[in-house]
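Colleague: Each chain, written out:
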Amino acid sequence: MLGPEFSDVLRLAASGDPAAFGALWRDTHPSLLRYLRLSAGEAAEDLASEVWLEVARRIARFRGGELEFRGWLFTMARRRLIDQHRYQTRHPELPTADTDRLDRPAADDTVAAALEGISTETALAFIATLPRDQAEIIVLRVVVGLDAAQVARIVGKSPGAVRVAAHRGLRTLAARLAGGGFAAPDPGAAAPLPEPWQPAGEV
Amino acid sequence: MRAFNGSLAEMPLLSRLIPRRVRRPAADEAAAERLLAGQGAGPGASAGQQALELLLRAAAGPGTGKELSGEDAAVAAFVSAVTASGSGTANARARGRARAGKRPLAGRVPILAAVAAMAVVAGLSGTAAANALPAPLQRLAHAVFGAPAPAAPGRPAPVISASPRNGSTPSHGAIAGHPAASPGTAGQSRRSSAKAKATATPAPAGTASPAPAGTAGSGGSGNGNGKGNGNGNGNGNGNGNGKGNGNGNGKGNGNGNGNGNGNGNGKGNGNGNGKGNGKGKGNGG
Numbered sequence: 001m002l003g004p005e006f007s008d009v010l011r012l013a014a015s016g017d018p019a020a021f022g023a024l025w026r027d028t029h030p031s032l033l034r035y036l037r038l039s040a041g042e043a044a045e046d047l048a049s050e051v052w053l054e055v056a057r058r059i060a061r062f063r064g065g066e067l068e069f070r071g072w073l074f075t076m077a078r079r080r081l082i083d084q085h086r087y088q089t090r091h092p093e094l095p096t097a098d099t100d101r102l103d104r105p106a107a108d109d110t111v112a113a114a115l116e117g118i119s120t121e122t123a124l125a126f127i128a129t130l131p132r133d134q135a136e137i138i139v140l141r142v143v144v145g146l147d148a149a150q151v152a153r154i155v156g157k158s159p160g161a162v163r164v165a166a167h168r169g170l171r172t173l174a175a176r177l178a179g180g181g182f183a184a185p186d187p188g189a190a191a192p193l194p195e196p197w198q199p200a201g202e203v
Numbered sequence: 001m002r003a004f005n006g007s008l009a010e011m012p013l014l015s016r017l018i019p020r021r022v023r024r025p026a027a028d029e030a031a032a033e034r035l036l037a038g039q040g041a042g043p044g045a046s047a048g049q050q051a052l053e054l055l056l057r058a059a060a061g062p063g064t065g066k067e068l069s070g071e072d073a074a075v076a077a078f079v080s081a082v083t084a085s086g087s088g089t090a091n092a093r094a095r096g097r098a099r100a101g102k103r104p105l106a107g108r109v110p111i112l113a114a115v116a117a118m119a120v121v122a123g124l125s126g127t128a129a130a131n132a133l134p135a136p137l138q139r140l141a142h143a144v145f146g147a148p149a150p151a152a153p154g155r156p157a158p159v160i161s162a163s164p165r166n167g168s169t170p171s172h173g174a175i176a177g178h179p180a181a182s183p184g185t186a187g188q189s190r191r192s193s194a195k196a197k198a199t200a201t202p203a204p205a206g207t208a209s210p211a212p213a214g215t216a217g218s219g220g221s222g223n224g225n226g227k228g229n230g231n232g233n234g235n236g237n238g239n240g241n242g243k244g245n246g247n248g249n250g251k252g253n254g255n256g257n258g259n260g261n262g263n264g265n266g267k268g269n270g271n272g273n274g275k276g277n278g279k280g281k282g283n284g285g
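Chains R and U, in that order, are what the protein sequence lines are.
Here my numbering is used: the first residue of the first sequence is 1, the next is one more, and so on.
Here my numbering is used: the first residue of the second sequence is 1, the next is one more, and so on.
Think of the hints as simulated: they come from the structure by calculation, not from any bench.
One thing to keep in mind: the hints can contain errors.
[Unchecked claim] Covered stretches of chain R, going by a simulated chain U footprint (3 or more residues, C-beta under 8 Å):
(1) 28-35
(2) 68-80
(3) 123-129
Each residue gets a CB set at the ideal place from its N, CA and C atoms; glycine is no exception.
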């Protein structure tokens, strides 16, 4: 998070300053990429590029603080994910190998690493085993740093529902860590994302 | 038979009836909120919570070199986007102004609103001057800019005093303050008698045109003024004018015109207006 200097950085970026835009990008891109990887996998890079292009085009009209900016950015990202999901539904691809599984560490490795100090990638892979809505909410809260109200606006749920889903996800993760079980992905993980609410950041 | 071990899991129905908060201490939710906010599990956290904290902290770790490797490309794309579409603040403002200029009514809304407001005010003023507004509004207009006051319900019409014209003598049948008595006009006279209690002086005999019944002459004219109503009275004079003027003026003026005809006004409006007018008595002629 940029903190107090965010407003200056945003103002400069809105006026077309590449350095200011770079500061915004460095601060936000890792969490954006992690969020997109939850659902889009290898397509996350491409989707992130599209999101940043949209930011570049519309940042001059954005008004708000740092949290609002993140909410705005991840609302756009989520719409990209929904669009991509629709496209894939219409143009299904059948992989010849289970590459998703190949990318993920084995269960025993994950549990052991969690107790020792795991890599970011491994931790995200572990979170990704949750049902998609729970994993998405946990990433938005923990990785992106949004509060329940912001997350609720992005995912189109009430703040209470967001809290419940997050708590359930944490309980499931804790149980899996304690039990050493690295369960197969929940069937709900393939469910499409619900439509988001209207973004509130842009004027 | 298996022995009951005291667990809620042994009693599914009871387990459902007990609120969830009782079964899951609030402390767990508070710890979960702390973990989600990146504040750690806190002192006294269980081993599971500590492991969870490690997991979440790893997930929220700083950007890796791989994740940040595309900065140059992203900044280049930003520069080209700004250059191509002019997405800087100044350019955005300029585009906004350009869009505003293209809109047909942009910038003219205040003028149109002022014109519309003036039209409304003018319309209301004219209506008030014609005494055609609803009574409350008419009273307001009367108080604000002197428009004619509305007639109070049941208020008698102003006195209509018809004076003879050209020195002619009044018709013999005219009795001040009395309704017309001609048979043919009795009904109308009753209907409108409440409006005008004019103290009409008889119309001059010379000017009175004969009433339809042929008796109108004197009696007719006398009544006509007196009541302000009656057509019937219509006595030669009164009627012809009374109607014509009464209506036309009743609204606008109230005065002068009505004259002669006290009748005309009295009918048309039933209001205050007619009243004032009787004065002129053009009739007498």
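Colleague: All the hints need checking, so say for each whether the structure fits it.
Modeller: Hints, one by one, checked against the model:
With 5 residues having a beta carbon nearer than 8 Å to a beta carbon of chain U, the segment 28-35 of chain R meets the requirement of three or more and the stated coverage holds. Interface restraint, the segment 68-80 of chain R with chain U: violated (0 residues with C-beta to C-beta distance below 8 Å; minimum three). Counting residues of the segment 123-129 of chain R whose CB falls under 8 Å from any CB of chain U gives 4; the rule of at least 3 is met.
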